[in-house]
Every structure is written in C-alpha cells, then in structure tokens.
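So the protein lines, in turn, are chains A and B. Residue -4 is where the first sequence starts when you use my numbering, and the numbers rise one by one after that. Residue 5 is where the second sequence starts when you use my numbering, and the numbers rise one by one after that.
Just so you know, the hints here were simulated from the structure itself, not pulled from any lab data. In this text, a Cβ means the ideal position worked out from N, Cα and C, and glycines have one as well. Hints should not be assumed to be uniformly reliable.
[Stated by the list, open to error] Here are the computed distance ranges between Cβ atoms for each label pair: (1) I23/B - N80/A: 53 to 59 Å; (2) D82/B - G103/A: 52 to 58 Å; (3) I23/A - D43/B: 28 to 34 Å; (4) S20/A - E104/B: 39 to 45 Å; (5) Y133/B - K155/A: 43 to 49 Å; (6) L11/A - C114/B: 26 to 32 Å.
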Amino acid sequence: MLSKGLVLTTTKALTLLLAIACIVSVYILFNKVFYEFHILPLELQYRKNALLLARVLMSEENLIYVDEASFHITFDAEKLNEINNKPIKEIGYPNSFSLISIVDVENGNMWNFYIEPKGVEEKDLKKFLSCRWEYTKLFVLPQTGPLEGGIAFVRGNLNKFTTCLLEKMKTKGSYYDEFPVSIRYGDETRVGKLLLTYVQG
Amino acid sequence: MKGFFTGAIMAFIFTAMIIGSIPLTLLYAKIHLYGRIEDYVDINKARLALISLISKTKNGKSYGDIIVEKLINQEGFDELEIDDLLEKMGFRCYKFYIEEDDLVVVEKKCEEKKLIGAKMKVPLPDLNYKTIVLEVGV
C-alpha cells in the first residue's frame, strides 16, 4: 500500500513538473519571439532604408557618370569633387541622419558628404551638426600608412560619428555597410568603396 | 477524481504544446526570412563587385573587353591582377572563374565564410558566349 501510494505521488509530481516546464517554456518562447518580432520590423526598416539609400546614391545623376547613351553605376570623380564635404539635399528619408564616404581603393582618393536631414527638430539638427563637426575634424588628422589602414580610419570615424549621435539623441537604431563601386576619372575607371552610416531618428 | 486530474493535466499540456508551436513556427519564419534578406544583400554586393571589376579600365580598355579578348585568344589573366583588386575591395575570400570552361582565374579560400556569387554572360564571336562568375565571402 505504501509502495502504491509512493508510485502515484511520484507520477503526480513528475506530471506537475512537466506541466510547470511547459508553462515556463511557453512563457519564455512567447517572450523571446514576440520581443524579437517587435524589434525585427524596426531593425529591417532602417536597414532597408540604408540599403535603398545606397542604391539611390549609385543612380543619383549629380554623382554618377552619365553619357548620351545611358546611366552607369559609376561615380564621376568630377561630380564627387563638387559635392565633397557638402550636403545632398534632393534625397533622403525623413528624420534620418546619413554620412557617406567614397574611397578609391586603388589610389586612396576620398570624398565625404552627407544627406541633409529632413523633418527633424532643430535641437536634433544641432546635435547632428555638432557630431558631424567632430567627425570632420577627425579628417584633418594626417593619414599615413597603407590604404587598408586609411579605410579602417574612415570606418572608425563613421563609427565615432554614429556613437556621438546615439549618445546625444534618442534614435531607433543605426546601420553601417560598405559597397563595391567604380569611380570614373575622365577616360579611366577605378574600383572603390562606398561606406555608408545611417541613423534613424 | 484521479482520472479527472490526470485528464486535466494532459489537456493542459496539449493546449500548451499547441500554443507553444505558434511562436516556434514564427521563430522559424523569422530565421528563414532574415537568412534570405542577408543572402540578397550579399548577392547584391557580389553583383556590384563584378560590375565594378569589369568596368575598371586599363590602357583605355575596360576589364570586360580585355576579358573577352583573352577568352578569344585563350590567354591568361595574370596581368589583370584581379586578386589584388578584390582584396583592396575588402573581400577576404573569393573565386573568379569562367563557368563553361571550369577555368578558375583567381581563388582565395577561407573555410569560415560562405561564398555568394554573381554571374555575367559575355558575348563572343559566332553567337557564342561565356559566363564569368565572381563568388565572394562578404
């Protein structure tokens, strides 16, 4: 009798433990998955914006080489010289901050510009300009060493700019990426990189 | 009473498993979707790298034209220094080859990276063509 009672108690205890484990698992899964699902659309949205922005830059008439026949996915060095260290006003997403660097990986030439922020509050605009000023100051430092070191330097600066912006204002997130591009100098075309940092306010 | 209690627990477990399978399905969908997006971003980078590479010029000729000439004349590609350019573009591993001939022009292997590729068909005389493929580890 004692033995039978013990067996029943053990079964009940195990069933109860299983039920508790199930409840805990369901709770954890719901929490984790719904949290991630909550985050995913936001993350994807600013990532999508950044990727589309890069794509639009690669077909922006004021930046790329255009001949009579067609548009090319090739940046024009002369047009880049004109826009260097200036804002692009025509394109961009509302309430976002973007810095772009184009580097010629063959000779180390570099162009930096930003998308003029639109639909942002004045205090946020001031913070952006202050971070950009810090970022621009960093470029005054002399660049030495091999080209990959130069690209790492730009990458580091863009990262510092993003950190500066994230520290100073409330943002939804940031995205950084690099894309292979080509740059045309007159009749010569070289390979390069487009480095883009995008912060969604 | 004992039967009712056991039945209730079993019903609860069954319901919990059904409810639990919903987030599991969503989790699978999320991972699948995220993986697909990652792949498309990388494929796009491989395409851009291939376009940049064949747009590059040397002595007034594009690399695309030089590659076609070399394929017609059955010459090597060493002078183009494609490996050097791919490394400068920041790819740690890559494979550049001609698909029809199974001819590997340059290759740098790395075990931990999945190579993502982009293809482009280049026209040759007599309605012939070759497919140049660039696979890169992003």
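Hint-by-hint comparison with the structure:
no. : hint                        : in the structure
1   : I23/B - N80/A: 53 to 59 Å   : holds, 57 Å
2   : D82/B - G103/A: 52 to 58 Å  : violated, 25 Å
3   : I23/A - D43/B: 28 to 34 Å   : holds, 29 Å
4   : S20/A - E104/B: 39 to 45 Å  : violated, 53 Å
5   : Y133/B - K155/A: 43 to 49 Å : holds, 48 Å
6   : L11/A - C114/B: 26 to 32 Å  : violated, 52 Å
Hint check: violations occur at hints 2, 4 and 6; the rest are consistent with the structure.
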